[in-house]
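Asks: Keeping their order, the protein sequence lines are chains L and H. Letter by letter, the first sequence follows residues 1 to 215 in the working numbering. Letter by letter, the second sequence follows residues 1 to 190 in the working numbering.
No wet-lab data here; the hints were simulated from the structure. Model, not experiment: these values are computed from the prediction. Treat the hints with care, since some could be wrong.
Listed next, with one range per pair, are the computed distances between beta-carbon atoms [said to hold, decoys possible]: (1) L/Arg184 x H/Arg21: 19 to 25 angstroms; (2) H/Pro150 x L/Glu91: 51 to 57 angstroms; (3) H/Ala12 x L/Gly119: 37 to 43 angstroms; (4) L/Pro211 x H/Ala13: 26 to 32 angstroms; (5) H/Ala12 x L/Glu22: 54 to 60 angstroms; (6) L/Asp186 x H/Asp8: 19 to 25 angstroms; (7) L/Arg184 x H/Glu123: 30 to 36 angstroms; (8) L/Glu91 x H/Arg159: 43 to 49 angstroms; (9) H/Pro25 x L/Ser98: 25 to 31 angstroms; (10) L/Ser98 x H/Arg14: 22 to 28 angstroms; (11) L/Pro211 x H/Ala152: 49 to 55 angstroms; (12) L/Ile207 x H/Arg14: 22 to 28 angstroms; (13) L/Glu117 x H/Gly147: 50 to 56 angstroms; (14) H/Arg159 x L/Ile207: 24 to 30 angstroms.
One side of the interface only, derived from the structure: several residues of chain L facing chain H at Cβ under 7 angstroms [as the list claims (entries may be wrong)]: (15) Met9; (16) Val35; (17) Leu36; (18) Ile134.
For each residue, glycine too, the CB sits at the ideal point set by N, CA and C.
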Amino acid sequence: MTHGHDNVMELVARADPVTPEEVEARIDPARSEAVLAAVLAATPARRRRRWPALPARVVIPALVAAALALAAALLLPSLLPGGPQNALAIEKTDRFISLRIEDPAASPARMNRELRERGIDIEVEMVPVPEHQIGDWVGGRAVWPGVSGDQHRLGDDRIRRLNDAARLQEVIRDPGDPGLIRVRTDFRGHVLLYGGREARPGEEPWIDGNPPGAF
Amino acid sequence: VGNDAASDQADAARRFEALFRANYPSILAYALRRTDPEAADDVVAETFVVAWRRLADVPADELPWLYGVARKTIANQRRGKRRRSALMERLAREAPAAAWPEDTADRVAEREGVAAAMARLSERDREVLRLVAWEGLETARAARAAGCSPAAFSVRLHRARRRLVKELAGSGHIPSEVQSATPAQGTGEA
Numbered sequence: 001m002t003h004g005h006d007n008v009m010e011l012v013a014r015a016d017p018v019t020p021e022e023v024e025a026r027i028d029p030a031r032s033e034a035v036l037a038a039v040l041a042a043t044p045a046r047r048r049r050r051w052p053a054l055p056a057r058v059v060i061p062a063l064v065a066a067a068l069a070l071a072a073a074l075l076l077p078s079l080l081p082g083g084p085q086n087a088l089a090i091e092k093t094d095r096f097i098s099l100r101i102e103d104p105a106a107s108p109a110r111m112n113r114e115l116r117e118r119g120i121d122i123e124v125e126m127v128p129v130p131e132h133q134i135g136d137w138v139g140g141r142a143v144w145p146g147v148s149g150d151q152h153r154l155g156d157d158r159i160r161r162l163n164d165a166a167r168l169q170e171v172i173r174d175p176g177d178p179g180l181i182r183v184r185t186d187f188r189g190h191v192l193l194y195g196g197r198e199a200r201p202g203e204e205p206w207i208d209g210n211p212p213g214a215f
Numbered sequence: 001v002g003n004d005a006a007s008d009q010a011d012a013a014r015r016f017e018a019l020f021r022a023n024y025p026s027i028l029a030y031a032l033r034r035t036d037p038e039a040a041d042d043v044v045a046e047t048f049v050v051a052w053r054r055l056a057d058v059p060a061d062e063l064p065w066l067y068g069v070a071r072k073t074i075a076n077q078r079r080g081k082r083r084r085s086a087l088m089e090r091l092a093r094e095a096p097a098a099a100w101p102e103d104t105a106d107r108v109a110e111r112e113g114v115a116a117a118m119a120r121l122s123e124r125d126r127e128v129l130r131l132v133a134w135e136g137l138e139t140a141r142a143a144r145a146a147g148c149s150p151a152a153f154s155v156r157l158h159r160a161r162r163r164l165v166k167e168l169a170g171s172g173h174i175p176s177e178v179q180s181a182t183p184a185q186g187t188g189e190a
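Input sequences plus hints: build the corresponding full structure.
Replies: See below:
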């Protein structure tokens, strides 16, 4: 009897639908690295306060308002002060768009113009931050098309549904390098990134990616 | 205090990264065996998110624990959308000659027979069989992955084997090598 049962297990083993070769072929190093970075960005809940979940009716008008403000700023590009050659360092690969802030003093209008000139549909807003975060990406929002109320603060830990984990892989902030953010080239949602700049006199800095008085 | 917290976080990140790199292929294979490739990617990501958030709870022998998380993740996925097993659909859809070009017709028939018989078992029975035969876990580790005691797992495995043999016999797919294990009629277990 036992011998027969062992043979049954051999039968089951032979019916394994996935060979080691298939698993190996399925492993995409870029994707696994993206998963690793996204998971590490999901800071354990006990260490990070959550942003309140905002419905799309709040987020989307805010994004529209930001876009309108951006459009107004773009009316004056020739009057913008000089500085480094580029406000942003932009690198595009087949899979990712990588962004770094080269000139934290540059205006968001200039940064957004550089993005548009590269055909990249991402918005940048510069917010006042503590000195050690100047030039870092301190937060942002991503809105996925066709998903009502579905938005994330980048780098937060609100991963509640299976799809969310996959979606976080589309916008990645490396916790070990907060000056770098990567957005997948096939991402079809809307991304608004908050970059850190020096606080002006009287301005309260954002803390941990949150505006003053958020809590 | 701030430096200590940052150091703890860095240590945790290093431990997690090692855990991730050591176990990513196994968790991906586990997920691919139980769901479709697209859903498998979600299962893998979600499993490691849970591991990261509960890093302090992850035991030294981490793989069975991760299998357990992946199992629950897949169960949640299926609870939301009841459907025929994607794996069984895949097995039924694939042309055997293309999937296993080295196989003989007898081997293909055997695989299909086993897959069909497994599909008629309960999910619990299938899982204990898969943990042993596909993931290659011995009883103690398989029990941790299944979320039960080793003794309970042994009983489950014994019963699952007998039920599978019975299903194979009922479908006429049972190979001669296991006919001696076929339970007599009327001895089915609850």
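Asks: Of the numbered hints stated previously, which ones are contradicted by the structure, given in increasing order?
Replies: 5, 6, 8, 14, 18
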